[in-house]
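The hints should help you fit chain B onto chain A, whose structure is shown.
Taken in order, these protein sequences are the chains called A and B.
The numbers in numbering that gives the first Met the number 0 rise by one with no breaks, and the one at position 86 of the first sequence is 85.
The numbers in numbering that gives the first Met the number 0 rise by one with no breaks, and the one at position 4 of the second sequence is 3.
The hints are simulated quantities; they were obtained by calculation from the structure and are not laboratory data.
Just so it is clear, the structure is predicted and the values come from calculations on it, not from any experiment.
Among the clues, some could well be false.
To be verified - Label-pair restraints from in silico Cβ distances:
id, chain 1, residue 1, chain 2, residue 2, range
1, A, Ala126, B, Pro10, 29 to 35 Å
2, A, Ser160, B, Glu14, 37 to 43 Å
3, B, Asp167, A, Glu53, 28 to 34 Å
To be verified - Chain B is faced by these chain A residues, among others (derived, beta-carbon under 10 Å):
id, residue
4, Glu13
5, Gly21
6, Lys25
7, Ala29
8, Glu44
9, Arg46
10, Asp52
11, Ser58
12, Pro61
13, Val62
14, Asn73
Note that the Cβ used here is the ideal one computed from N, Cα and C, for glycine as well.
These are the residues of each chain, in order.
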Amino acid sequence: MPIPPPKDHTTYREWLYLEPEGEVSKSERAELERHLLDCRVCRSERRRVAALDELLAKSRAPVDPEFSARVVANLPAAGWEARNPRTWRWGALALAVFAGAALLIAWSAGSVPSGGAFDTALAAASAVGQLFTSAALAGAGLLAASWQGLGLALGELLGGSKLTVAVFGIFVVGVDVLFVRFLLRPARGLRTASENERHTGHSK
Amino acid sequence: MTKESPSPSDPELVEAILRGDEDSFEQLVKRYEGRLVNYLMRFLRDLGEAHDLAQEVFLKAYRALDRYDSSYKFSTWLFRVAQNAAIDRIRKRRLVLVSMDRPGKHADTDKVWEFPSNEKTPYGHLRNRERGDAIQEGIDALPWEYRELIVMRHFGELSYGEIATLKDMPLGTVKNKLFRGRQMLKEKLADFLSD
Numbered sequence: 000m001p002i003p004p005p006k007d008h009t010t011y012r013e014w015l016y017l018e019p020e021g022e023v024s025k026s027e028r029a030e031l032e033r034h035l036l037d038c039r040v041c042r043s044e045r046r047r048v049a050a051l052d053e054l055l056a057k058s059r060a061p062v063d064p065e066f067s068a069r070v071v072a073n074l075p076a077a078g079w080e081a082r083n084p085r086t087w088r089w090g091a092l093a094l095a096v097f098a099g100a101a102l103l104i105a106w107s108a109g110s111v112p113s114g115g116a117f118d119t120a121l122a123a124a125s126a127v128g129q130l131f132t133s134a135a136l137a138g139a140g141l142l143a144a145s146w147q148g149l150g151l152a153l154g155e156l157l158g159g160s161k162l163t164v165a166v167f168g169i170f171v172v173g174v175d176v177l178f179v180r181f182l183l184r185p186a187r188g189l190r191t192a193s194e195n196e197r198h199t200g201h202s203k
Numbered sequence: 000m001t002k003e004s005p006s007p008s009d010p011e012l013v014e015a016i017l018r019g020d021e022d023s024f025e026q027l028v029k030r031y032e033g034r035l036v037n038y039l040m041r042f043l044r045d046l047g048e049a050h051d052l053a054q055e056v057f058l059k060a061y062r063a064l065d066r067y068d069s070s071y072k073f074s075t076w077l078f079r080v081a082q083n084a085a086i087d088r089i090r091k092r093r094l095v096l097v098s099m100d101r102p103g104k105h106a107d108t109d110k111v112w113e114f115p116s117n118e119k120t121p122y123g124h125l126r127n128r129e130r131g132d133a134i135q136e137g138i139d140a141l142p143w144e145y146r147e148l149i150v151m152r153h154f155g156e157l158s159y160g161e162i163a164t165l166k167d168m169p170l171g172t173v174k175n176k177l178f179r180g181r182q183m184l185k186e187k188l189a190d191f192l193s194d
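Excised from the complex, chain A in its bound form (with noise of 0.2 Å):
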């Protein structure tokens, strides 16, 4: 086998630098040791780079022992509502606004002669919710209906030929296999700096 031509200087510098690291390949190393035997000055090069990573190494400031503990000491609940604190809050926020217009109804109705405060605040607290039963009831019936109007108007539409049925079949099959690969998308991760760039749709 043929021997390689000898590096100049700047690559031996720069393999010393590297070799330390971990980041010189085997044949590298082996060169760079048979420059080392005839080379005064890469030698002590060498072990200047070896004293440098060893004075940063020792100027690593020690970590407070109880660091960890008082970490763990300050981690929030846990829990789903802990990790996602923007999902509970509309929750929490519907939660505040039916107790306020509850006690809205309250404090208007405690002008009433009749009946103590306390019953008031009970029988507005019953109105308030029976406003939502109805509301809720009402908007079932809406759905019901609507989907009942629409399954009509597809019957007429499809009702007439098999290929219209067939077409309306791979469109909702199209839909679900979108829908399942919405579900199914990756988490969202780290980014590099690039995919920002393109997310973002800036350029350095």
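Same frame as chain A, but now just chain B:
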């Protein structure tokens, strides 16, 4: 002789944490606390503040753990969170990072950097302080592009590959910049490097 069970990998610990195991989180904190505190300290120049911010970073990471994508290394993800937190903190403090042309001219110029050592004599103490100051000043005097990488490598103990991912740089560029940065630092600390 009993065979010692290997310590769980980062993704295994993350999975356990997501199942609600807080002990696994403590293990993860212990694994990274030294690297993270030292990394942050070199930017903030204050060990106490570095501890506080490292705690914030761990808590942020805990809250966002369900969004961590395990196809990336956990260390890279954690240090990205730390890097953003450090930048935010520096902005808030209006701490001016040392620029290329005015090395050492910043708000904490008078900060004393103690070099951790067992030397107890007054001379040893003074020597340690000198070394600690010299290292910080040497790092501060580096151009930002080298300084950032030196801190990641030597204090965050990130591998060349991890730095390349974190900085979105080709591996060759990382190698070259670290070579140059370490060369510059070696010149600045020449008095402390015995041949």
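Hint check results:
no., hint, in the structure
1, A/Ala126 with B/Pro10: 29 to 35 Å, "violated, 54 Å"
2, A/Ser160 with B/Glu14: 37 to 43 Å, "violated, 53 Å"
3, B/Asp167 with A/Glu53: 28 to 34 Å, "holds, 31 Å"
4, Glu13, "holds, 5 Å"
5, Gly21, "holds, 9 Å"
6, Lys25, "violated, 17 Å"
7, Ala29, "violated, 19 Å"
8, Glu44, "holds, 9 Å"
9, Arg46, "holds, 6 Å"
10, Asp52, "holds, 8 Å"
11, Ser58, "holds, 5 Å"
12, Pro61, "holds, 6 Å"
13, Val62, "holds, 5 Å"
14, Asn73, "holds, 6 Å"
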